[in-house]
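Asker: Each chain is listed here by its residues.
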Amino acid sequence: MTGAVVELRPVRQWIRRAQAAHRDRRESFGTAYTTVFCVAVLAAMFQGPLVAVFRPLAPRLSGSGALAAGAVCTGLLLLALRRLGPVTVSRPAAYFLLTAPVSRRRLLAPAMRTAAAGAALTGGLAALGILGNAVTTGSYLLAGTGALLGVLLTLLASAAQARPRLAALTDTAARLALAVGLAVLVAEATGWPPPLPGGEIATSAVVTLTGALAVLATIALLLGVRDLARTSNEKILESAKATGTLADSVYGMEPSFLADMVERRYWAHRRLRSARLPRRLPPLTGQDVLLARRRPARLAWTAASTTWPLLLSSAPRWALVIVLLAGSTLAARATTGTVKTDAGNPVLLRTLGLSSRQVVQQRFWVPAVLATVWATTALTLLQLAGALPPGQWWPLGLALGPVGAVAAIRAARTGFVRNDLLPFETPMGTLPTGALVYAFAGVDLMILLLPMVVGLAQGVTLTWTTAVFQIVIALTGVRLYLAVSTGTDRVELARRG
Amino acid sequence: MVDHPAVQVNGVQVSYGSTPVLVDAGLVVPAGAGVCVTGDNGVGKSTLLRCVSGLQQPDAGTIRVFGAEPGGAPEFWRAVATTVEPPTWYPGLTAREHAELVCRAHGQDPEDAGVDEALARFGLAGHADAIPPSLSSGQKQRLTLALALLRPSSLLILDEPEQRLDPDGRAMVAEMLAGYLSTGGSLLLASHDDKFAVASGAELVTMERLSRPAPAEPEES
Numbered sequence: 001m002t003g004a005v006v007e008l009r010p011v012r013q014w015i016r017r018a019q020a021a022h023r024d025r026r027e028s029f030g031t032a033y034t035t036v037f038c039v040a041v042l043a044a045m046f047q048g049p050l051v052a053v054f055r056p057l058a059p060r061l062s063g064s065g066a067l068a069a070g071a072v073c074t075g076l077l078l079l080a081l082r083r084l085g086p087v088t089v090s091r092p093a094a095y096f097l098l099t100a101p102v103s104r105r106r107l108l109a110p111a112m113r114t115a116a117a118g119a120a121l122t123g124g125l126a127a128l129g130i131l132g133n134a135v136t137t138g139s140y141l142l143a144g145t146g147a148l149l150g151v152l153l154t155l156l157a158s159a160a161q162a163r164p165r166l167a168a169l170t171d172t173a174a175r176l177a178l179a180v181g182l183a184v185l186v187a188e189a190t191g192w193p194p195p196l197p198g199g200e201i202a203t204s205a206v207v208t209l210t211g212a213l214a215v216l217a218t219i220a221l222l223l224g225v226r227d228l229a230r231t232s233n234e235k236i237l238e239s240a241k242a243t244g245t246l247a248d249s250v251y252g253m254e255p256s257f258l259a260d261m262v263e264r265r266y267w268a269h270r271r272l273r274s275a276r277l278p279r280r281l282p283p284l285t286g287q288d289v290l291l292a293r294r295r296p297a298r299l300a301w302t303a304a305s306t307t308w309p310l311l312l313s314s315a316p317r318w319a320l321v322i323v324l325l326a327g328s329t330l331a332a333r334a335t336t337g338t339v340k341t342d343a344g345n346p347v348l349l350r351t352l353g354l355s356s357r358q359v360v361q362q363r364f365w366v367p368a369v370l371a372t373v374w375a376t377t378a379l380t381l382l383q384l385a386g387a388l389p390p391g392q393w394w395p396l397g398l399a400l401g402p403v404g405a406v407a408a409i410r411a412a413r414t415g416f417v418r419n420d421l422l423p424f425e426t427p428m429g430t431l432p433t434g435a436l437v438y439a440f441a442g443v444d445l446m447i448l449l450l451p452m453v454v455g456l457a458q459g460v461t462l463t464w465t466t467a468v469f470q471i472v473i474a475l476t477g478v479r480l481y482l483a484v485s486t487g488t489d490r491v492e493l494a495r496r497g
Numbered sequence: 001m002v003d004h005p006a007v008q009v010n011g012v013q014v015s016y017g018s019t020p021v022l023v024d025a026g027l028v029v030p031a032g033a034g035v036c037v038t039g040d041n042g043v044g045k046s047t048l049l050r051c052v053s054g055l056q057q058p059d060a061g062t063i064r065v066f067g068a069e070p071g072g073a074p075e076f077w078r079a080v081a082t083t084v085e086p087p088t089w090y091p092g093l094t095a096r097e098h099a100e101l102v103c104r105a106h107g108q109d110p111e112d113a114g115v116d117e118a119l120a121r122f123g124l125a126g127h128a129d130a131i132p133p134s135l136s137s138g139q140k141q142r143l144t145l146a147l148a149l150l151r152p153s154s155l156l157i158l159d160e161p162e163q164r165l166d167p168d169g170r171a172m173v174a175e176m177l178a179g180y181l182s183t184g185g186s187l188l189l190a191s192h193d194d195k196f197a198v199a200s201g202a203e204l205v206t207m208e209r210l211s212r213p214a215p216a217e218p219e220e221s
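As given, the protein sequences belong to chains W and S, one line each in that order. Under this note's numbering, the first residue of the first sequence is numbered 1, with each subsequent residue one higher. Under this note's numbering, the first residue of the second sequence is numbered 1, with each subsequent residue one higher.
I should point out that these hints are in silico values taken from the structure, not numbers from a laboratory. Nothing here was measured: the structure is a model prediction, and the numbers come from that model. Don't be surprised by glycine CBs; every beta carbon is placed ideally from N, CA and C. You may find that some hints are simply not true.
[Unchecked claim] Listed next, with one range per pair, are the computed distances between beta-carbon atoms: (1) S:Val198 - W:Tyr251: 48 to 56 Å; (2) S:Arg164 - W:Glu7: 43 to 51 Å; (3) W:Thr426 - S:Glu208: 39 to 47 Å; (4) W:Arg265 - S:His192: 32 to 40 Å; (5) W:Leu421 - S:Gly107: 34 to 42 Å; (6) W:Glu425 - S:Gln56: 34 to 42 Å; (7) S:Gly138 - W:Arg418: 21 to 29 Å; (8) W:Glu263 - S:Gly138: 23 to 31 Å; (9) W:Leu421 - S:His192: 38 to 46 Å; (10) W:Val6 - S:Arg164: 38 to 46 Å.
In isolation and in its complexed conformation, chain W is listed as follows (with noise of 0.2 Å):
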């Protein structure tokens, strides 16, 4: 027996011509042009939101709401480093070259390096947003700032990678980041503290920060690169997997990969100790009961995304009108997962021997109060902020609530994205119908809210009969689809080809 390391650079070179003598060149080239033309044409579409976004006519956070900004993103883009690895390798390398007698941390440098390219480059950006919104003026090379805080995350979440205490540290740092960023800008949003006149942050202390930085992130990435060793071969397998599995997401355009991994690894990291289902509910009803109970962390955020509609208050009412659509969908999303489980694969519905009617029904409760609760709070929230149009619209989450409920549960029965329709043909390249009929899956019933959707895009005042009337149409369309797309004869969700 040799312990000799074999190089890996020759081994790498061999996979890379091997690759490339597989490869269609037409075929490469033909992948180029479709993504640098569809880059081209999306920037293209949405320069003006982009602009809005990055800089607004007129900036409004202060120094603290920049600097909570600041903590959401470093919250956000943490979190992101920790879910994908960072430090991972793809599949194949996970199955032929994790377990070969190669220099682990050349293996494992590459991805250590990419990861820390996009963070930098997603930190630059941040920065810039964070500079074309606030009031205070400061030089570009904040950017670089930002992208060297970046490079730094990166580096903090591989050495939490290969320790456990450090992680669960960083991933709670990284939470608690992203809450309280969140609630300075929600109470900036409300007015308070009102925003103080903008000054310019001085260059000299830009550059000194920026140099300090580039010192610290330089010596980090050194002493990175050698720990890269330390990280166990569970750690990599699993950030492999987690890569992998995202890349499938957005190649197959299944986002359903990415989701059921997610959901997967949360529950197989959970104790749970057998609770008995409560009896005077309907048994479907008191398993989603039972699974909401299950993950206080999503109902406490759950809970405090109702003041997230504040942060829009000043922004144009169809980015308001959005947030209340996708945030009372999101909210009942919480139990759906039960539902996608048995549009998947309906073998415990046969065991169940309930009708098709009698699950949506049972399933249907949960999330309705689940997304109730939370639009009728969303509403009183931006009602008591002044951020709505004359009248009383809170009463009208009675109507955002059930038609949420039923579009996430319109969105689970989906299952799966089709990819037996035909596609359409575009100068974009292929575009396939499956994607877009599951990504509109949910969405289109929310035609149940276009009188308070109109009315909140044109600043209407809501009358009492105007609101009686949308929550009349929610509640019938509801409870037709209920109805219509369920029956009595059949156990599975979807009606058999």
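Could you slot chain S onto chain W? The hints should help.
Answerer: For chain S alone, coordinates are given in the frame of chain W:
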């Protein structure tokens, strides 16, 4: 329901592409009786069970379960329990909670139905708080069988229930199936283990006996 045989299969034909799997297959499982189909891998045992469960449409022939066509109706699935398909599990629900949910959906009180006793009998008492995906394949198989036997049913359709079970587990499951038959239930299973099938009280039928040989192509003169 008692007036009809539990399962009646007449002249069923199934082909995968150009390969015939079931040719003019016929089978009767009288109500309250058990039949075990045996045969080598690939002779069509699982296909037959899938057709009887209504999960696969035969190319030709008729299938009746208690006198009615098998299908996706709730009434059918309240009468028939099967392990023909690989199981799926609800997220965030323990093994015991899955068992309780199945009982509650069938209007049973979980305590009266003996959820804890069933899990104990299947050697899963120590795993009641585990989420099913974290169980071993043998434990998942036992949980699937426990769920099928816990809920009320008139016909059990089981595909190789002895698979992934240790000898003690096989003996215990066979005993439970015999008990199921003694309470008036009907049983259709596929198995490679004749001893297990006999112990479960089922009559052995080979797949060769079920299918008539495919008619020979007429020779060209």
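Asker: Go ahead and decide if the range 38 to 46 Å is satisfied by the Cβ distance of Val6 of chain W to Arg164 of chain S.
Answerer: Holds, at about 39 Å.
Asker: Determine whether the Cβ-Cβ distance between Val198 of chain S and Tyr251 of chain W falls within the hinted range of 48 to 56 Å.
Answerer: For Tyr251 of chain W against Val198 of chain S, whose Cβ atoms are near 52 Å apart, the range 48 to 56 Å holds.
Asker: Taking 39 to 47 Å as the hint, is the beta-carbon distance of Thr426 of chain W and Glu208 of chain S inside that range?
Answerer: Roughly 57 Å apart at Cβ, these two residues miss the hinted range, so it is violated.
Asker: Is 38 to 46 Å right for how far apart the beta carbons of Leu421 of chain W and His192 of chain S are?
Answerer: holds (41 Å)
Asker: Could you see if the CB distance from Arg265 of chain W to His192 of chain S stays within 32 to 40 Å?
Answerer: Once the Cβ atoms are compared, 36 Å apart, the range 32 to 40 Å for His192 of chain S and Arg265 of chain W holds.
Asker: Arg164 of chain S and Glu7 of chain W, beta-carbon distance inside 43 to 51 Å?
Answerer: holds (44 Å)
Asker: At the C-beta level, are Gly138 of chain S and Arg418 of chain W separated by a distance inside 21 to 29 Å?
Answerer: violated (35 Å)
Asker: Cβ-Cβ distance between Glu425 of chain W and Gln56 of chain S: within 34 to 42 Å?
Answerer: holds (36 Å)
Asker: Between Glu263 of chain W and Gly138 of chain S, does the beta-carbon spacing fit 23 to 31 Å?
Answerer: holds (25 Å)
Asker: Is 34 to 42 Å a correct range for the gap between the Cβ atoms of Leu421 of chain W and Gly107 of chain S?
Answerer: holds (41 Å)
Comparing the model with each earlier hint shows violations of hints 3, 7; every other hint is respected.
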